[in-house]
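The listed protein sequences correspond, in order, to chains A and B. To convert, note that position 268 of the first sequence is 268 in my numbering; the numbers rise steadily by one, no gaps. To convert, note that position 202 of the second sequence is 202 in my numbering; the numbers rise steadily by one, no gaps.
Hints are computed from structural coordinates only; laboratory data are not their basis. Be a bit skeptical, because a hint or two may be false.
[To be verified] A partial selection of chain B residues facing chain A, derived with a Cβ cut-off under 8 Å:
| id | residue |
| --- | --- |
| 1 | L16 |
| 2 | L89 |
| 3 | I99 |
| 4 | Y100 |
| 5 | I105 |
| 6 | M106 |
| 7 | L209 |
| 8 | Y253 |
| 9 | T267 |
| 10 | A269 |
Just so it is clear, CB atoms sit at the ideal spot from N, CA and C, and this is done for glycine as well.
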Amino acid sequence: MGKMMNIKKAVAYVFLSLLAFLCLFFFYCLIINATRSHPEISKGFSFIPGKSFGSNLYNVLHNKNLPVIYGIVNSLLIAGSSAALAVYVSALTAYAIHAYEFKLRNVVYLFIVLIMMIPNQVTTLGFLRLINRMGLMDSFVPLILPSMAAPVVFYFMVSYFESNLPLEIIESARIDGSHEFYTFNTIVIPIVKPALAVQGIFAFVASWNNYFVPSLVLKSNAKKTLPILIAQLRSADFLKFDMGQVYMLITIAIVPVAIIYLCLSKFIIGGVTAGSVKG
Amino acid sequence: MIPFFSTYFIFSFIPLVNTFYNSLFENYRSGLTQIGPNFVGLQNYISIFQSDLLKYLGNTMILWIIGFIPQIIISLILAVWFADFRLRLKGSSFFKTIIYMPNVIMAASFAMLFFALFSDDGPMNNLLINLGILNSPFRFLATVWGTRGLIGLMNFMMWFGNTTILLMAAILGVDSSLFEAASIDGAKSLQIFTKITMPTIKPIFIYVLITSLIGGLQMFDVPQVLTNAKGSPDRTSTTLIMFLNNHLYSKNYGMAGALSVILFVITAALSLVVFFVLTGAGKRRGGK
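Please model the complete structure; the sequences and the hints are all you need to start from.
Now the structure itself:
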């Protein structure tokens, strides 16, 4: 039995290492190529990093055809504010469901859980026509405001409140004369901070990576976000491009998120299960 | 509460109704002339079925299956290993971190990366030739199955970590005395898997299956960027959402509306299945 176990263990390790290699290999190629100049890249692949990291970075940031700096700022702005709004408003809603007894409570809860699954692509047509009529085409507002209603964050927060926020705390705050909003901001928020942070990161990443809706809403060059720029790079005549810059732009889009992820992976992986699986 | 619902109402509910409404009108541009909107009833639905809808539905399903089959098999194996109390794998949190990482990567840039790496004289061909595996460059993106395979590979990489973590949580939620009792009674690993693990995690398994299917139907970023919105070669990798995107882009609102409604009906039906599976599974918790 012990020997069998060891063999099984060895197989498991080999298999896991292969998968880990698969996951890391492409990013390794990416980073290597981001440090090499165009002639070096076209000569062939190498496993040793080149010395052109700085010049690639400089070139891509000052590329006249691609507003990369705007792209970074726009992506940060949109993703940051929609994450903050999504987390705050959805948590507030979850708190309302958790802390108050009212007639439609269960109906509201069921409704939100049901709409959670509907993909936003199916409402995009109406959405585009609506913002067109509101005169919000080519603006950030339609990309930020709708994230306030984040059913997934709501669902997660309700489960989290149920297991981590005893109603007695809220009641004692009420007895002490605390306003409802004051209670939420100063008592509830600190208790659920870790959960909010995880959901905030998920919301940030989702918005940072979003391509479908922004590509239909944003038209002018100075307003485009990073995914749109990358798609634009793809549709441009590929061979004329400095490949060092192409790899560098992909690096810019990927690496910040990857670093945040690696720093917080423990919480994020915990959040994956807590958020999605609960009967 | 009020901001949540008013936002939801304005930005999701009104658009949804408007989408349904639009699907009943003829409304498109032909050259410079705007045609419609004229009420045409269900005509849009008929014409969308007569266009390439079924082909694109087939493409979407094929792309999903290519990614999903290896994903679910490998995820199940990994989940069982990670959760196995006798195996005691070291560094499992390290591996979990690595395999989940592709999930947070921007799909558009991931596709662009694959496009660059697998282009005709790109690094992958270069590497395969240097290793002596290939004699001449293999044109991945010029063949139907090369392109589909790459899209499937990307979807697999992006989602198998996520699936592994979900299934592992489900297995860990099973009372461990069940496993102990079975192994004392001399059950083989395979027997434990088919007789205990699978039946107990079935609700989560169905949840994973259907949410993945819903996600698969929404597949857009990866094929869109990889094939430059063309679904090349010969539209064999055009997905439903790419089709929708084309109609939205060309402002053919009637067709886009009909397509959206069809997608809505499919996903709503699938979501209801998930909902009943999860609530029907009793109040037993699958997660932590």
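Hint check:
1. L16: holds, 5 Å
2. L89: Result: holds, 6 Å to nearest chain A Cβ.
3. I99: holds, 6 Å
4. Y100: holds, 6 Å
5. I105: holds, 5 Å
6. M106: Holds, because the Cβ-Cβ distance from M106/B to chain A comes to roughly 4 Å (cut-off 8 Å).
7. L209: At 13 Å from the nearest chain A Cβ, L209/B fails the 8 Å test, so the hint is violated.
8. Y253: Where the cut-off is 8 Å and the nearest Cβ of chain A is about 6 Å from Y253/B, the hint holds.
9. T267: Since the shortest Cβ distance to chain A is 6 Å, the answer is holds.
10. A269: violated, 10 Å
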